[in-house]
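2 protein chains.
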Amino acid sequence: MCGSSSVYQNKSLPSLMHSPLLSPQLLNSLTPEENTQCQHGLYFQDGERRVDYILTYHIKKPSSSRSNRQSSRFTDNAFTRSLRRGTARLGRPPPPQPRGDPEVASQDHSMDYHEDDKRYRREEFEGNLRDMGLELEKDEDTKTPGVGFVKIHAPWHVLCREAEFMKLKMPTKKVYEVKQCSGVGAKINTLVNKATEPLHPNVEENRGQHVKHLSYAFSREKQHLFDLSDRDSFFDSKTRASIVFEVLKRTKCTKAKYSMGNNPLRCSLFQLLYEEWASYSVFYKYQPIGLVRKYFGEKIGLYFAWLGLYTQMLIPASLVGVIVFLYGCATVDNNIPSMEICHPRNNITMCPLCDRACNYWKLKEACGTARASHLFDNPATVFFSIFMALWAAMFMEHWKRRQMRLNYEWDLTGFEEEEVSALRSVSCISLLFVSEEPTNKWKQTVQSAMAGLKLVLLVSSPPPPGLIPVTSFQIGVTFAIVFGVILYRISITAALHMSNNPTTRSNVRLMVKTTAAIINLVVILILDEVYGAVARWLTVLEVPKTDRSFEERLIFKTFVLKFVNAFTPIIYIAFFRGRLVGRPGSYLYVFESYRMEECAHGGCLMELCIQLSITMLGKQLIQNNLFEIGIPKLKKLIRYIKSKRRSFQEEEREKKLQRYETDHFLEPFAGLTPEYMEMIIQFGFVTLFVASFPLAPLFALLNNIIEIRLDAKKFVAELRRPVAARAKDIGIWYNLLRGVAKVAVIINAFVISFTSDFIPRLVYQYMYSPDGSMHGFVNHTMSYFNVSDFQDGKEPMDPHHLGYQVEMCRYKDYREPPWSNTPYVVSKEFWAVLAARLAFVIVFQNVVMLMSDIVDWLIPDIPKDISLQIHKEKILMVELFMKEEQGKMQFIDSMTPCDGKGRNNHAPIARSRSIPHTHSHTHANNF
Amino acid sequence: MCGSSSVYQNKSLPSLMHSPLLSPQLLNSLTPEENTQCQHGLYFQDGERRVDYILTYHIKKPSSSRSNRQSSRFTDNAFTRSLRRGTARLGRPPPPQPRGDPEVASQDHSMDYHEDDKRYRREEFEGNLRDMGLELEKDEDTKTPGVGFVKIHAPWHVLCREAEFMKLKMPTKKVYEVKQCSGVGAKINTLVNKATEPLHPNVEENRGQHVKHLSYAFSREKQHLFDLSDRDSFFDSKTRASIVFEVLKRTKCTKAKYSMGNNPLRCSLFQLLYEEWASYSVFYKYQPIGLVRKYFGEKIGLYFAWLGLYTQMLIPASLVGVIVFLYGCATVDNNIPSMEICHPRNNITMCPLCDRACNYWKLKEACGTARASHLFDNPATVFFSIFMALWAAMFMEHWKRRQMRLNYEWDLTGFEEEEVSALRSVSCISLLFVSEEPTNKWKQTVQSAMAGLKLVLLVSSPPPPGLIPVTSFQIGVTFAIVFGVILYRISITAALHMSNNPTTRSNVRLMVKTTAAIINLVVILILDEVYGAVARWLTVLEVPKTDRSFEERLIFKTFVLKFVNAFTPIIYIAFFRGRLVGRPGSYLYVFESYRMEECAHGGCLMELCIQLSITMLGKQLIQNNLFEIGIPKLKKLIRYIKSKRRSFQEEEREKKLQRYETDHFLEPFAGLTPEYMEMIIQFGFVTLFVASFPLAPLFALLNNIIEIRLDAKKFVAELRRPVAARAKDIGIWYNLLRGVAKVAVIINAFVISFTSDFIPRLVYQYMYSPDGSMHGFVNHTMSYFNVSDFQDGKEPMDPHHLGYQVEMCRYKDYREPPWSNTPYVVSKEFWAVLAARLAFVIVFQNVVMLMSDIVDWLIPDIPKDISLQIHKEKILMVELFMKEEQGKMQFIDSMTPCDGKGRNNHAPIARSRSIPHTHSHTHANNF
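Protein sequences appear in the order of chains L and R.
Numbered by UniProt numbering, the letters in the first sequence go through residues 1 to 927 in order.
Numbered by UniProt numbering, the letters in the second sequence go through residues 1 to 927 in order.
It is worth saying that the hints were derived from the structure and are not from the lab.
Just so you know, not all the hints are guaranteed correct.
Copies of one chain are not kept apart here, so a pair can be met inside one copy or by any two copies together.
What the hints assert, rightly or not - Straight-line Cα separation of at most 25 Å, DMTMM-like style, residue types lysine to aspartate or glutamate; simulated pairs:
1) 174 <-> 221
2) 883 <-> 246
3) 872 <-> 552
4) 249 <-> 873
5) 883 <-> 124
6) 400 <-> 856
7) 362 <-> 552
8) 222 <-> 893
9) 635 <-> 131
10) 864 <-> 552
11) 828 <-> 771
12) 713 <-> 275
13) 864 <-> 757
Working from the sequences, and respecting the hints, build out all of it.
Right, here's the structure in full:
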């Protein structure tokens, strides 16, 4: 023993390994020159050891405080130490303090304690990392002032050890042929492949592979199974980075501060991704998911695979949607109810829509709305909403299959997500995650609070009370705002009714609807941001036990708040508006002066449609595209300007910057949550109210085609490369999608039966129509009102507005006529129609749910070919091992004396054979 | 090399291993003498090698045909061989033929081909088994004529190899303390433990274990991790048997015939199980699930754990059920509607219930039914059905948690069920499974057909058409039979109405109801058996791809058929009976002479309740207990008598029989499907119509307390010990339970709103009642009928039956009175009540489903302590490995020259260290 501190290799000494950056076949697209340039900064000073991971941290500007720090180190040492001891006694690191950014530079003195303390912690942490076998190289004298880099290299033995711990499945030497199916299926397959040829990205690996490497969990004892001829490419850069990250997560320290490291090695793969994926010019192609996964890891790969499948599935949905819409357009002239309304002879006098200020009007005036309503309210809509419910079920099933296929292709079968049970780690890495962006103060504060709270959770305190009230308050705020917008609309409408010019009136009414929708949209956008923050805060208060559960709770809360926010106004219009309006002569009032809103003749479907399209398009255009493109650009600019202020020889420096230094100016990766959230809200628009807006899938499709490439660009060029995370599935998002799909069935049932006139038409046709046709439907839906029943002050100011004396007017409702025993109470038809509506809801909901379940049950979760291949792999693996076993046996037999009774000696040999094994761990190799 | 055939040890030579039967702590309950007796027959002839598995096969009776066979072997050899070649060319084994049982002894000649062929195949198969390293001992000269036994022993190296392949998790040497929670929780826990002390079975291992062995997937390279000091007890008998079974399944042969082997070693564990589990005297105790699992394997262990949890969960359900029932009893005298009906002053004349034959009657006559109905139709019932829906959700969640806990305790975490992807094996073992019971011809035929069809599936033919028609036909038969019973009831009732004696009439009416229910029950019982067979046949036709999918499809089909069978009559009574009866003067008729059945005044709930209780109790008593106890006893007797006929010195032989010979007379294990099926149908009774029968959980509880011990007795004493199968969950049964729970919500919603009078009462109270009370409800639900509106021939024969001239009579329906403009059409109240009923269904269904989802979401799937322990185990495992790694490193360092720069030499060492590894597989030990 030469002392335990000398066990591990010093960083300054060269290792014996050579590290060509990437496997050669991926370097095709780069010229040799580019290649060298690209590799600049990706190796340690010795040019041999590859940088697998980089940690960055902030240091005080050397000009202003280096001397300060030196002095403070000695003067304040005792204090710092006692502070440290104090916190150690408390068993938690001191809460993170604001770090040295220009704004607080005046508090120089107090800062220095922290600077010093941080340096001490860093050194401790780095020591621990070296103990784990990692090799580090520090690079404090970079051209970027205020930023220090620690480059990390994982030597081969660490990689092997960790790969074994992580049970990484690696390709073995054994290669087998993936059998192509034969017969008709194969021919169809070939044809389809040929047809979709131009849709595939120009990436070699995507094409029909006929051979596949058998994969097996890596273990050093089974090294002979793997092709280790090229050790540097055996673990690819993504895997190396995630191995280092795994070690970082596990490494204990009392206190250490690093900014999250960025992940180097964005080169030829990067180039390929940039050309074949993150470009608008390839929007019509499939995504090179395999490459994405290779570069970003499984978790991000799954997101893009999901997004791709969703977009693909939107194509048939939008096709059918467009057909349904066109069917509406084509049949608008054959629609008997709107024909009757528009017919000049059928000139029914309608009752005033409000007390006093409104006048009698002619049904003919509603002709336009009635015709427009037909576009969204026809039998095809019912079909379409059933179709979309099944579409959603199909989508889920297809995703399960796609996921299974990817799991197989990415060798994740058998990998168990361990995070399920992992406690939220209080190790260094949770502190390392603290973002040091000076532009993002708020986030920092929240995360500091989280870091503190993380310790509380280990003492297992009960979750603080008052979470439900807060959430309820949020939802209350949403409702209040929706109500505010309703009041706005009511009061403007009321004001309008005062005006006498009919043309301005109808124009302005449309304007009011539109402005109200836009106000709603703006409110939604603002609240979305607020709610995201609130959800985060709430989850921190809840102190969940594991990282995964933290993430899931956060997502769930954010989702609920954003969902309520996005859909409350729409739900109001669909189900509550125009329901409780009273009748002419006794309209209902809220707060004594505001009348309940009424829908135009022909149902609220038209307005629902306007609201939906404005909200959806607006959200997509503004939130997704403007925010997603604009804000990162802006942030990058700010960061660039800030760093420019600090240094002077900016221009020359820029050119000589190491890759990891330029990467430092990129936005850090903030997780996939916003991307998924955006998509799931869109999924809500596509499925929830599809009965009233069949074009929603089309809009979603158009948005997503851009979205994929936009996200790709962002991931490739705008963000620091995130650590590759393994994941088998998309986690809670799948459950949320299922939830949305379930709610969609119920909401569509209600939209069809209550918002549209579908059920009243059916009831009329089969119960009341004299000839089984729709003729007379309009008349049937309108009740009579005797003008003499107006109470004082409620009759119209100008009763002769239409030019004649009105004695009886009509209004849309099922009520008894004035001449019945019980005038103006709801009639038998009302109850019959209501019963029919409710029955429809029950039937629709249960039938569609049953059909979804059947779809779920009929489509197997594992594609047939994959299950066959998994089976085949298993057999091959058993064969491989059996052959190996027999090899061993024969070897033993050849060693024993051949006395003719050789078989009898078998048992003692087997025993002696196993003895060296038992101790082999202490001297793994026998030299 | 001494030739490959000499590699494996000859069975006749002693191995070096000693095999005490079981680990000593389990032998406490046996005296040494018993122990020796018990071990008799559990070892090979040498008395050292333990028997791990036994295969049995039928041989011709030596007396009758040994000489025959000898001759035929030579004369027909060419033919036999050509036959063999022919089948080999077809690539499949010849279909199994009927085997040598006494009935076909006359076909001696043709039998001999098969005898001969079978012997040839057996020898081939046995050779293959020896090649796999198993050691066999044949025992043809047993005292049981006609049966041969092959005893199999798996030597240590085979056990190790297979355990490694199967990735069996075994306990390592590393022991850690399971931390008891501290604080209030711990105190409560201790108290609860003390209180439930007498409920625990007297089995040591069940008690609070404070230490647990860390488990790790067994691998020969990591042997040092495991405590191998006692090799014979390292793998317990269950594991050894399942390892041998694994090898058997994998072993290829062209053709071989064995009856399914039985699994020996039923001794002291057996004794303990018999006393502490399979006994009625311990009915109040928890089950020793750990022991059950140890003896029978995880799959059967899970079944009993599930059954235990279900029974436990039934306790609160039946308590609440009884309270609800008692509430009904207590409030029957305060129930205003039944008081009004029974009140002598309130003497309403009712219209005749049928044309011509029936008379006017007094409402008072319905007093008894009305009071009885209240027992099952009161507000508490609504509460109870919501409670039961949530109970079902809770049960599911609890089961998930229990399952997770068992997975953890049984070291199944990380074990992936491989069968998911396994193709249905066409290896020998599927042929071995062919049951040779002469008493079960039909089963044999089906299974032969299956064996043939299994080959077809590999050629991947499309499933044959016509499956849906057959299933539909089955369901059609059920409906037809239900309809037949209805007709029986209608006609008897019609005949009864002819009778004039009112007392016999009411008595006989009850009798009719009861006999009809009994007929239904008998039909259900018979069809149940038929449908089980049909489902099997259908599934064979469908040719599913994997064993698991075969089982799942079979279960699903059987379930659907049995479910429809059990619940069709009940659903008829609940939802269809008395719905479309017409009105006095124009009753509806089917087939022109049979009137639609009507319910008694007060709803059909009473009759539903009678039907439910008879079906449920009858099914449980007859099907479960009589069939389950009686039939196996009978079968055993028959088998015993048959074998007695064959031999003469029965009595002496009996005493000297080896254990495996006595086991041969036990019934083979037929799978858990019937047990689960029985329970899931019972779960249906408990949840589906619970709104109308709150005592169902109580009856189920009583049945299950017996059922657990009954099943236990059966498994321990009546059946051959099945091969231990690993399983992580209860598979498709969980999904079926979920399905039943879902359907239950909908059905209960309909029962409450349509079958009971709950909604009409509510509607009356809030819409029509003058004083908000229930007074006048009875009057409100009855319409008027003017006697003069009777058509000719429909008026009662005896209009003066009541002693006075009736002018106006009443009937229960919402119809317009004779004096309205539209007499006798359904009234506005009808539609209002209908709308209310439908609205209730929607609200109930969605609220309860939402609440179930919330329960599902709130209760975490993994119990907190388990997730903490899993996390802790993971950390310990990493620590263990890291220590090992450091041990290696230090060893290496101590080998290198200590020149002060020791740390620098690290890299080259690491390289050289790994080289021997790479080749170590060819010479695993270096001697």
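Status of the hints after comparison with the structure:
Taking CA atoms no more than 25 Å apart as the test, residue 174 paired with residue 221 passes in both settings, with 17 Å inside one copy and 21 Å between copies. In this assembly of identical chains, the alpha carbons of residue 883 and residue 246 lie at most 25 Å apart only when taken from different copies (18 Å versus 35 Å within one copy). In this assembly of identical chains, the alpha carbons of residue 872 and residue 552 lie at most 25 Å apart only when taken from different copies (22 Å versus 36 Å within one copy). Proximity of residue 249 and residue 873 under a CA criterion of 25 Å is satisfied inter-copy only: 17 Å between copies versus 33 Å inside one chain copy.
When the C-alpha separation of residue 883 and residue 124 is checked against a cutoff of 25 Å, the pair qualifies only between copies, where the shortest distance is 21 Å, while the shortest distance within a copy is 49 Å. Taking the shortest Cα distances, residue 400 and residue 856 sit within 25 Å of each other both inside one copy (10 Å) and across copies (21 Å). Taking CA atoms no more than 25 Å apart as the test, residue 362 paired with residue 552 passes in neither setting, with 56 Å inside one copy and 65 Å between copies. Proximity of residue 222 and residue 893 under a CA criterion of 25 Å is satisfied in both settings, with 22 Å inside one chain copy and 24 Å between copies.
In this assembly of identical chains, the alpha carbons of residue 635 and residue 131 never lie at most 25 Å apart, being 38 Å within a copy and 70 Å across copies at closest. When the C-alpha separation of residue 864 and residue 552 is checked against a cutoff of 25 Å, the pair qualifies only between copies, where the shortest distance is 17 Å, while the shortest distance within a copy is 32 Å. Both within a single protomer and between protomers do residue 828 and residue 771 lie at most 25 Å apart by alpha-carbon distance, with minima of 21 Å and 24 Å respectively. In this homomeric assembly, residue 713 and residue 275 come within 25 Å of each other (Cα to Cα) only inside a single copy, at 10 Å, whereas the closest approach across copies is 70 Å.
Taking identical chains as interchangeable, the C-alpha atoms of residue 864 and residue 757 are never at most 25 Å apart, the minima being 45 Å within one chain and 52 Å between chains.
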